[in-house]
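Take the sequences, apply the hints, and build the full model.
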Amino acid sequence: MTPSHMLQIAGPEVILALGALALLVFGAFRGDRSTGLVSALAGLVLLGAAAAAVAAPMGTLFHGAFVADQATAFAKVAMYLLSAVAIFLGERWLSRLKSSRFEYPVLILLSALGMGIMVSAGDLISLYIGVELQSLAAYVLCAFRRDDGKASEAALKYFVLGSLASGILLYGASLIYGFAGSTHFLEIARAGHGAAGTGVIFGVVFLACGLAFKVSAAPFHMWTPDVYEGAPTPVVAFIAAAPKLAALLVFARALLQGFPDAVDQWSQVLVAIAAISMAVGALAGLVQRNLKRLLAYSSILNIGYALMALSTGTALGLQAMFVFMVLYMIDVTGFFSALAALSRDGRPMEKIEDFAGLSQERPGLAIVITVLSLSLLGLPPLSGFWAKFYVFKAALASGHWQIAVFGLVASVPAAFYYLRIIKTMWFDPGAGRTDAPAPDAQAVAVASAVWALPLVLLGLAALDPLAQTAAKAFGLQ
Amino acid sequence: MDLLALAFYVLSAIAVLSALMVVSARNPVHSVLFLILTFFSSAGLFVLLGAEFLAMLLVVVYVGAVAVLFLFVVMMLDVDFSSLRQGFVRYLPFGAVVALILAIEMGLTAAAVAARGAKPLAAAPAGVSNTEQIGRVLYTDYFYYFQAAGLVLLVAMIGAIVLTLRHKPGVKRQDIAAQTARTEKSGMRVVTPATGQGIVE
Chain G
7 MTPSHMLQIA GPEVILALGA LALLVFGAFR GDRSTGLVSA LAGLVLLGAA
57 AAAVAAPMGT LFHGAFVADQ ATAFAKVAMY LLSAVAIFLG ERWLSRLKSS
107 RFEYPVLILL SALGMGIMVS AGDLISLYIG VELQSLAAYV LCAFRRDDGK
157 ASEAALKYFV LGSLASGILL YGASLIYGFA GSTHFLEIAR AGHGAAGTGV
207 IFGVVFLACG LAFKVSAAPF HMWTPDVYEG APTPVVAFIA AAPKLAALLV
257 FARALLQGFP DAVDQWSQVL VAIAAISMAV GALAGLVQRN LKRLLAYSSI
307 LNIGYALMAL STGTALGLQA MFVFMVLYMI DVTGFFSALA ALSRDGRPME
357 KIEDFAGLSQ ERPGLAIVIT VLSLSLLGLP PLSGFWAKFY VFKAALASGH
407 WQIAVFGLVA SVPAAFYYLR IIKTMWFDPG AGRTDAPAPD AQAVAVASAV
457 WALPLVLLGL AALDPLAQTA AKAFGLQ
Chain C
140 MDLLALAFYV LSAIAVLSAL MVVSARNPVH SVLFLILTFF SSAGLFVLLG
190 AEFLAMLLVV VYVGAVAVLF LFVVMMLDVD FSSLRQGFVR YLPFGAVVAL
240 ILAIEMGLTA AAVAARGAKP LAAAPAGVSN TEQIGRVLYT DYFYYFQAAG
290 LVLLVAMIGA IVLTLRHKPG VKRQDIAAQT ARTEKSGMRV VTPATGQGIV
340 E
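In the order they appear, the protein sequences are chains G and C.
Counting from 7, one number per residue, gives the positions in the first sequence under this note's numbering.
Counting from 140, one number per residue, gives the positions in the second sequence under this note's numbering.
One or more hints might be untrue.
Claimed, not checked - Estimated spans, in silico, between C-beta atoms of each pair:
no., chain 1, residue 1, chain 2, residue 2, range
1, G, P225, C, L239, 27 to 37 Å
2, G, G65, C, A235, 32 to 42 Å
3, C, D217, G, N296, 30 to 40 Å
4, G, N296, C, D314, 46 to 56 Å
5, C, D314, G, P9, 40 to 50 Å
6, G, G405, C, F192, 50 to 60 Å
The set of hints was computed from the structure by calculation and includes no laboratory data.
Even glycine gets a Cβ: it sits at the ideal position worked out from N, Cα and C.
Given below as structure tokens:
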């Protein structure tokens, strides 16, 4: 394989790494005055990386440590585009608060690079390095407004618990390496051919716990509400979307390629985690007064659905996971953009009471939030309905009807808290004037609402075959 | 062979004794210094095993960076070490149990390895030191991990700067270029004051 061909396979990562380094040096010389320019260039770098992910040839590098296939191309395009949206949202948001700094776009770039390494990981070492690169940048982004006590608290909690989860993940990886004799997924599968040993199963469970933390699945969800509440809203819009897809895909690759003979064992673990996530997300969300905390529990619930799709271990399940995550990520980015757009007397509106009577004050944003809430709830024909439709179809097709019924039941209490937001906005007496909404965040929110209602029907026609091709990359039937 | 055995016993005795002193020394600075001694004697043990690179790494990283950092922490921060030491006797039984379990585990592992025999190491090509061997795989097979790990460290560095660096306005800084570019003309002004009036700026 010639070096230029190797560079083409790893094209998105090379573009991101070199772009991040160049922009870092550029920003360091020009200072914070150049933040706008650095952000624009970082957005271009991400678009270039997404284009490279589509155009790059498929293949594996470094003895299988780096994998480029249809699944990685699919995920990378989605993740890089959402990261570009996060740069756009965050840069405008931070400059309104006079705390704009050129490191913000650079850190998003490096986090996106970590996600790329994660989804392309064909080996436990590159999995770990990708997870660390992505999360370290996310910890710093959460504490980006360092004078804000809540943000610092959130970042510290995220950092400490995240390090613990990384430790658990590494422990699992070392057990797997010790019992299977390799860190490479395909080698591990070969070593455990027929039946995986107890030691390997132990390792898989620890690995699953570490990755479940990264996707904020219960019972490893404790950090999620605090981090979502404390961290800057655009940063939450970022960490609530793209890194989840990266972690889910690496989860899928590690389990499906590394342990194909232990499907029965890890499928049980995933079903249990999915069921607990749905229960916790649906019930604990009922008592939340803060909308960001509420969305944190909503994300735990939705990760439960995604894990339910993954636990089937079939190509149909993977396709469902891809479709579900893309539709969910657009919804949640739009929701947090709407929160970032709204403020009252210069303070962000986060409590549910703050939204009382929003329909008279800001009818446009009230409609946007209503559409997105109904979509997250899963009302047909909004995008959230199609997302859940795919997941339940896959679960039923593989005979996991118990967990599918559980998922349906869990969406009932969840429907209550989505409907309560709508009721507060449209039927409660007004809570006073709001500031003029931020045009950039409002635009993102409106765009995602437009996607959720009419566009999704057209979008699904393209998304369905793309997700199907991506799911085929794992070689499942 | 006898000399090797002697060196091994001396080095390991020093390592064990100084490790004991790390936890039992009254003065925390002494503890850190004993820790450095432990690192040095372990580095000696690595040399005896033929792992020069690990030995050097231990000296450079642990003695050079980590232990010095410990010394800084001990000397700069106002930590009340006597209060930290309280309850030592109370927790001693618990600590002893943990130590005993660890010792049993190590014994079992050693016994298992001795019974089954350890896997022999792949023979090194003649005339290649193990430092060179590590360098060869680090920049070929493990090139990807090596570069990616470098990026992780870069993120840590950016993070530390983002979260701690504050630009204070009004701080006087030395501008070396301006200093060396000073000429007689720019640095000095000749004035002829009128008699009895002094110089007025």
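Here is how each hint holds up against the structure:
no. : hint                        : result
1   : G:P225 - C:L239: 27 to 37 Å : 32 Å, holds
2   : G:G65 - C:A235: 32 to 42 Å  : 56 Å, violated
3   : C:D217 - G:N296: 30 to 40 Å : 38 Å, holds
4   : G:N296 - C:D314: 46 to 56 Å : 50 Å, holds
5   : C:D314 - G:P9: 40 to 50 Å   : 45 Å, holds
6   : G:G405 - C:F192: 50 to 60 Å : 54 Å, holds
Comparing the model with each earlier hint shows a violation of hint 2 alone; every other hint is respected.
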